[in-house]
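Asks: Next come the chains, spelled out residue by residue.
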Amino acid sequence: MSTILQSLNLLITRGLPTTILLTLGLLALGLLLGFPIAFLQVYGPRPVRWFCRGYEQVFRGVPAIVLILLFHSGLSRTFHILLPAFVSALLALALRSSAYQSQIFRGAIQSVSEGQMLAARSVGMSKVRAIRHVILPQAFRLSIPSWTNEFSSVLKDTSLASAIGVLELMKQATLIFTRVQFIRGAQWILVILILVALVYWILTFVGNTALGYLEKRTRIPGFEMKGQVER
Amino acid sequence: MDAQQHRALSELVLRVEGVHKTYGDNHVLRGVSVQMRRGETKVIIGPSGTGKSTLLRCINQLTTPDEGHVWLGDCEITSPKEDINCARAKIGFVFQSFNLFTHLTALNNVRIAPMKVNKMGKAEATELAMMELERVGLADKAEAYPAELSGGQQQRVSIARALAMSPQLILFDEPTSALDPELIGEVLEVMIALAKEGMTMLAVTHEMGFARAVADEIIFMEGGLILEQGPPEELVQNPKHARTGEFLNKITELYGE
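The listed protein sequences derive, respectively, from chains A and B. Heads up: the first sequence at position 87 corresponds to 86 in numbering that gives the first Met the number 0, and the numbers run straight through without jumps. Heads up: the second sequence at position 104 corresponds to 103 in numbering that gives the first Met the number 0, and the numbers run straight through without jumps.
Same shape as in the complex, but just chain A (with noise of 0.2 Å):
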């Protein structure tokens, strides 16, 4: 039993923080990104539109796990640019998730019927101001199931900044099982596994149970939306 707790704090103390930190980066920093590049996709200029849903592809295409070496000993070996682990896992992380980001946004704003825009523009407003008074305030609750979604797979996809040494949760994981199994036997592989998992579960019920709140706060008649499965 000590050694499930010893483990379990060692997990909460040198794995979760990170693997928070590394969530709640990813996560803003996507946003930030995938917001503008949303936005661009559906208001920006043919060659804009062009650009933003070239790099959409790009990011959406490739692995996770490609990108996180790329931007790790890709970058360091051949440029000599030596990021610190984190933050190549952040980045990758990041820059991937913008991506997916981007897509939620431009499909919550295109699902905004043309009718509001019209109605908008006919009393008067710009279409600056019809954007940001009628179709976003629309846009962002329609895109909260989706964003629930992409915060549930994100958190998750962290694990695998564990491949570049990134000491996140289940990097610590690791460290854990190979020292005690030599120590308690091999059958600790699958005890601390399963103590990981459940790390990660409570983390997503949390998460998930949050943004349903946030999703209950701001509904409205007319907008009541099942989150979709998750991908």
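There's no promise every hint is true.
[Unchecked claim] One side of the interface only, derived from the structure: several residues of chain A facing chain B at Cβ under 8 Å: (1) Gly114; (2) Gln115; (3) Leu117; (4) Ala118; (5) Arg120; (6) Val122; (7) Gly123; (8) Met124; (9) Ser125; (10) His132; (11) Val133; (12) Pro136; (13) Gln137; (14) Arg140; (15) Pro220; (16) Gly221.
I should point out that these hints are in silico values taken from the structure, not numbers from a laboratory. Since the structure is predicted, the reported quantities are computational estimates derived from the model, not experimental observations. Every residue gets a Cβ at the ideal spot worked out from N, C-alpha and C, and that includes glycine.
Let chain A serve as the given structure and place chain B on it in line with the hints.
Replies: Just chain B, lined up with the frame of chain A:
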């Protein structure tokens, strides 16, 4: 120009001259001219695909005409120098599908444009919005969202939304076509009251009851042109064109008297 002519011109709220609009190969409007004096109500009728809605949209520039001019009072809103947002703020538009802002309550739907476009203070805008909701008989629904209102109520809120900008004229694009028959009456009642209060109104509608009650003129459009226009009784009793008579018979059959 003598004094009488000048007065006649200054009373003109809207002057549309020679408007053309083409979508691809489809020449929707082939040179349409309309004039509206202050307080007048005109009804546009005609077969579907004739350019009635396009004409309304060309007036407030939701669609840009290919050719022709539109004046609102003394200012030409088709001129590139004109601030179109400013012009649109003075022209109310009521859509067939209501297009209320889905995320806003009835009250917010009505007061958002006075607040964001005219920079009116919140208290003043609220007072104005409540007054307009009262005018369409929906003050008690101020806090309801569009999804909680019937079609007829939504359309009345959208009329209040247009009224809140104190428009010089209101364009109605088939305002009752999307409504269940039992809800049409409440919207027409509001429109008739507005016309009687002296609002300048140009409505695309086949509700002949409305036309007879308040229209100064009926305009019959076909094939992107105005074929004939005149006071309701005249047009109904002795249409100059056979097509006008045929069409009027058809809609009388469909919509009743």
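Asks: If a hint holds in the structure, say so; if it does not, say that too.
Replies: Going down the list of hints, with the structure as the test:
Proximity of Gly114 of chain A to chain B holds as hinted, the smallest CB-CB distance being about 4 Å (cut-off 8 Å). Hint on Gln115 of chain A holds. Least Cβ distance to chain B is approximately 6 Å, under the 8 Å limit. A cut of 8 Å between beta carbons decides the hint on Leu117 of chain A: the least distance to chain B is about 6 Å, and the hint holds. With a cut of 8 Å, the hint placing Ala118 of chain A at the interface with chain B holds, because the nearest CB-to-CB distance is about 4 Å.
At about 6 Å, the closest approach between the beta carbon of Arg120 of chain A and any beta carbon in chain B falls short of 8 Å, and the interface hint on this residue holds. Taking 8 Å as the C-beta contact cut-off toward chain B, the hint placing Val122 of chain A at the interface holds, the least distance being around 4 Å. Here the hint on Gly123 of chain A is kept, as its CB sits about 3 Å from the closest CB of chain B, short of 8 Å. The beta carbon of Met124 of chain A is positioned within 8 Å of a beta carbon in chain B (closest approach about 6 Å), and the interface hint is therefore held.
For Ser125 of chain A, the suggested interface contact is upheld, since its CB lies about 5 Å from the closest CB of chain B, less than 8 Å. At about 6 Å, the closest approach between the beta carbon of His132 of chain A and any beta carbon in chain B falls short of 8 Å, and the interface hint on this residue holds. For Val133 of chain A, the interface hint holds, since its Cβ comes within 8 Å of a Cβ in chain B; the closest pair sits about 5 Å apart. Taking 8 Å as the C-beta contact cut-off toward chain B, the hint placing Pro136 of chain A at the interface holds, the least distance being around 5 Å.
Taking 8 Å as the C-beta contact cut-off toward chain B, the hint placing Gln137 of chain A at the interface holds, the least distance being around 5 Å. For Arg140 of chain A, the suggested interface contact is upheld, since its CB lies about 7 Å from the closest CB of chain B, less than 8 Å. Given the 8 Å rule on beta carbons, the hint for Pro220 of chain A holds: about 4 Å separates it from the nearest Cβ of chain B. With a cut of 8 Å, the hint placing Gly221 of chain A at the interface with chain B holds, because the nearest CB-to-CB distance is about 3 Å.
In terms of the numbered hints stated before, the structure departs from none.
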